[in-house]
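A.B. asks: Sequence:
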Amino acid sequence: MIARIRNCLLVCAASALTAGIAYGESEPTALVDQQHCMFCHTRDAPFLAPSFQQIADHYRNMPDAQPMLEHKLRLGGKAHWGDTPMPPAAERGGPLSAQDAHTLVQWVLSQ
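Quick note on numbering: the sequence shown equals residues -24 to -1, 1 to 87 in mature numbering (1 follows the signal peptide of the UniProt record, and there is no 0).
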């Protein structure tokens, strides 16, 4: 019985790892929560703003997209998709370092 449970857990863990690889990098949950990303975005469907998958599809192969998106995350910017502009980080949850913006953009582009 214990061997069956262990095997089941190993299969479940392997499945979870495979799913994580298939869907991109693991979510930087603390940053996503701190910046209140999910107030306007979802992973796969537009809400108040485009989904992370839509953003990734649009910018993934665009040269210089990474620094442009990092800048927009930190300082905000006009609405490119719909009517909702991106507020600056200070209004979303506090200052956002260049490294944290880089981490968030890498994660979004991996969707």
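Source of the hints: derived by calculation from the structure; they are not laboratory data. Hints are supplied without guarantee of correctness; some may be wrong.
Computed Cβ-Cβ distance ranges for the label pairs, DEER-style [claimed, not checked]:
| id | residue 1 | residue 2 | range |
| --- | --- | --- | --- |
| 1 | D59 | S2 | 18 to 26 angstroms |
| 2 | P39 | G70 | 25 to 33 angstroms |
| 3 | S86 | H56 | 16 to 24 angstroms |
| 4 | N37 | A66 | 29 to 37 angstroms |
| 5 | G69 | R19 | 26 to 34 angstroms |
| 6 | N37 | G70 | 14 to 22 angstroms |
| 7 | H12 | H56 | 25 to 33 angstroms |
| 8 | S86 | H47 | 15 to 23 angstroms |
| 9 | A21 | A74 | 14 to 22 angstroms |
| 10 | E1 | D59 | 26 to 34 angstroms |
| 11 | K54 | F23 | 14 to 22 angstroms |
| 12 | S73 | E1 | 28 to 36 angstroms |
| 13 | K54 | H12 | 17 to 25 angstroms |
Even glycine gets a Cβ: it sits at the ideal position worked out from N, Cα and C.
A.B. asks: All hints, please: hold or fail.
C.D. replies: Going through the hints against the structure:
1. D59 - S2: 18 to 26 angstroms: Once the Cβ atoms are compared, 32 angstroms apart, the range 18 to 26 angstroms for S2 and D59 is violated.
2. P39 - G70: 25 to 33 angstroms: This hint holds: roughly 30 angstroms between Cβ atoms.
3. S86 - H56: 16 to 24 angstroms: Taking Cβ atoms as reference, S86 and H56 lie about 20 angstroms apart, which means the hint holds.
4. N37 - A66: 29 to 37 angstroms: 31 angstroms, holds
5. G69 - R19: 26 to 34 angstroms: Because 19 angstroms falls outside the window, the suggested range is violated.
6. N37 - G70: 14 to 22 angstroms: 32 angstroms, violated
7. H12 - H56: 25 to 33 angstroms: For H12 and H56 the Cβ distance comes to about 19 angstroms; the hint is violated.
8. S86 - H47: 15 to 23 angstroms: For H47 against S86, whose Cβ atoms are near 19 angstroms apart, the range 15 to 23 angstroms holds.
9. A21 - A74: 14 to 22 angstroms: 30 angstroms, violated
10. E1 - D59: 26 to 34 angstroms: 30 angstroms, holds
11. K54 - F23: 14 to 22 angstroms: Since the Cβ atoms of K54 and F23 sit about 19 angstroms apart, the hinted range of 14 to 22 angstroms holds.
12. S73 - E1: 28 to 36 angstroms: 18 angstroms, violated
13. K54 - H12: 17 to 25 angstroms: Between K54 and H12, where Cβ atoms are some 19 angstroms apart, the hint holds.
Violated hints for the displayed structure, listed by number in ascending order: 1, 5, 6, 7, 9 and 12.
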